[in-house]
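A.B. asks: Okay, here's what each chain looks like letter by letter:
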Amino acid sequence: MTSYMWTWIAIVGAAVAMWLVKSVGHRVPEHALENPRLVRIAALVTVSLLLGLAAVQTFASGQSLQVDARAPALAVAGVLLWRRAPFIVVVVAAAAVAAGLRALGWA
Amino acid sequence: MTRLGPRRFNAARQQALSVSLATGAYAISFGALSVAAGLDLWQTVALSLLVFSGGSQFAFVGVVGAGGHPAVAFATSTFLGLRNGFYGVALAPIVRPWRGPRAWWGTQLTIDESTAVAIAQPENDLEARRTGFWWTGVGIYILWNAITVVGALLGERVGDPTTWGLDAAAGAAFLGLVWPRLTDRRALVTALGAVAVALALTPVTPAGIPLMVAAFVAVIAGWPTPRSRATASAGDRQPAAPSASDGGTP
Numbered sequence: 001m002t003s004y005m006w007t008w009i010a011i012v013g014a015a016v017a018m019w020l021v022k023s024v025g026h027r028v029p030e031h032a033l034e035n036p037r038l039v040r041i042a043a044l045v046t047v048s049l050l051l052g053l054a055a056v057q058t059f060a061s062g063q064s065l066q067v068d069a070r071a072p073a074l075a076v077a078g079v080l081l082w083r084r085a086p087f088i089v090v091v092v093a094a095a096a097v098a099a100g101l102r103a104l105g106w107a
Numbered sequence: 001m002t003r004l005g006p007r008r009f010n011a012a013r014q015q016a017l018s019v020s021l022a023t024g025a026y027a028i029s030f031g032a033l034s035v036a037a038g039l040d041l042w043q044t045v046a047l048s049l050l051v052f053s054g055g056s057q058f059a060f061v062g063v064v065g066a067g068g069h070p071a072v073a074f075a076t077s078t079f080l081g082l083r084n085g086f087y088g089v090a091l092a093p094i095v096r097p098w099r100g101p102r103a104w105w106g107t108q109l110t111i112d113e114s115t116a117v118a119i120a121q122p123e124n125d126l127e128a129r130r131t132g133f134w135w136t137g138v139g140i141y142i143l144w145n146a147i148t149v150v151g152a153l154l155g156e157r158v159g160d161p162t163t164w165g166l167d168a169a170a171g172a173a174f175l176g177l178v179w180p181r182l183t184d185r186r187a188l189v190t191a192l193g194a195v196a197v198a199l200a201l202t203p204v205t206p207a208g209i210p211l212m213v214a215a216f217v218a219v220i221a222g223w224p225t226p227r228s229r230a231t232a233s234a235g236d237r238q239p240a241a242p243s244a245s246d247g248g249t250p
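Sequence order for the protein chains is A and B. Numbering (my numbering) for the first sequence: 1 to 107. Numbering (my numbering) for the second sequence: 1 to 250.
Since the hints were derived computationally from the structure, they do not count as laboratory data. Every value quoted in this text rests on a predicted model; they were computed, and no experiment measured them. C-beta atoms are modelled at their ideal positions from N, C-alpha and C, and glycine is treated no differently. Keep in mind that a hint or two might mislead.
[Unchecked claim] Stretch-level coverage of chain B by chain A, calculated; a stretch enters the list once three of its residues show a Cβ under 8 Å from a Cβ in chain A:
hint, stretch
1, 50-64
2, 88-94
3, 126-133
4, 163-176
[Said to hold, decoys possible] The calculated label-pair distances, taken between Cβ atoms and stated as ranges, are:
hint, chain 1, residue 1, chain 2, residue 2, range
5, A, R37, B, V138, 30 to 36 Å
6, B, W98, A, N35, 18 to 24 Å
7, B, R130, A, E34, 33 to 39 Å
8, A, M1, B, L154, 29 to 35 Å
9, B, I220, A, Q66, 24 to 30 Å
10, B, V219, A, E34, 14 to 20 Å
11, B, L17, A, G62, 28 to 34 Å
12, B, I220, A, W82, 24 to 30 Å
13, A, E34, B, L49, 34 to 40 Å
14, A, A103, B, V149, 24 to 30 Å
15, B, P101, A, S3, 31 to 37 Å
16, B, L192, A, Q63, 18 to 24 Å
17, A, V12, B, A200, 21 to 27 Å
Given these sequences and hints, build the entire structure.
C.D. replies: Now the structure itself:
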């Protein structure tokens with residue numbers, strides 16, 4: 001079999017596997033959702049995964065940790081959120097800070 | 001509906017649209033990288049349509065581009081996407097009941113961003129949470145796939161999205177979306193612990209492991225029953241005051 005075909009097989013396999021992974025959480029039975037412990041853990045895991053993702057997206061560069069234009073951008077986002085700025089302002093400001101620092105060659 | 005109802009409903013849509021635009025724009029980079037890695041247009045399009053999980057797609061073409069066997073690309077992509085399996089539990093009370101095509105699509109749209117916008121809405125506003133999930137999921141699905149094609153066709157002529165600060169925008173968006181859930185002390189401490197663990201493990205473990213361990217930290221932290229009355233809602237409590245996620249109407 002050619003490597004082109006193997007790539008197609010891997011794509012279809014990755015699609016099926018991903019769909020099954022995504023469906024796992026949705027298959028929790030209704031009565032289990034009445035368990036306060038499960039509800040509590042689901043909320044904590046979700047918040048932890050999303051904040052962890054934000055941290056990794058900000059400080060990871062491949063396998064290494066790096067402080068560059070992304071860190072001040074996230075800090076500005078944090079201050080704006082604390083000052084109750086609108087969501088869109090927070091996102092645009094973070095992008096502008098990172099883009100600006102890079103354009104100036106500072107990070 | 002209370003006076004706050006329509007405003008929050010709008011906040012969900014606003015957030016959905018801004019997250020869709022910021023995330024969708026990143027697909028131009030995916031399309032270009034995928035073609036550069038040696039996949040053809042149809043394979044690139046198939047990855048975005050069928051796998052539909054950004055980090056996993058980048059990893060897939062990264063392995064192929066580095067000369068790895070497609071089986072390794074499959075394994076890496078799947079492993080990086082395991083966190084999507086957790087989201088359905090938090091989403092279940094929001095999206096159920098669903099069956100048929102709605103369940104099929106909802107499953108495919110269960111990703112970081114749609115989950116984040118859903119849980120960013122007030123806990124007592126199920127309508128806003130549901131709107132957040134579907135608008136973000138569908139919005140990203142349309143833009144991500146359309147822009148993947150553009151990136152694949154432009155190839156190397158596509159610039160680097162970090163020039164526009166899109167990488168920083170993604171982190172800021174996730175921070176903004178979980179912000180209203182961090183008013184609970186237990187959630188805040190747990191999330192900070194998870195962040196510390198994820199960052200500490202990044203240099204020493206393969207990609208994907210740090211966030212899985214972070215999730216495990218949250219499971220341990222959530223296991224003991226709180227002594228206070230906040231039994232069912234720790235980590236998912238309504239913020240005391242209007243916050244940034246309310247969409248910015250002063």
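A.B. asks: So which of the earlier hints does this model not fit?
C.D. replies: The structure breaks hints 3, 7, 17; every other hint is satisfied.
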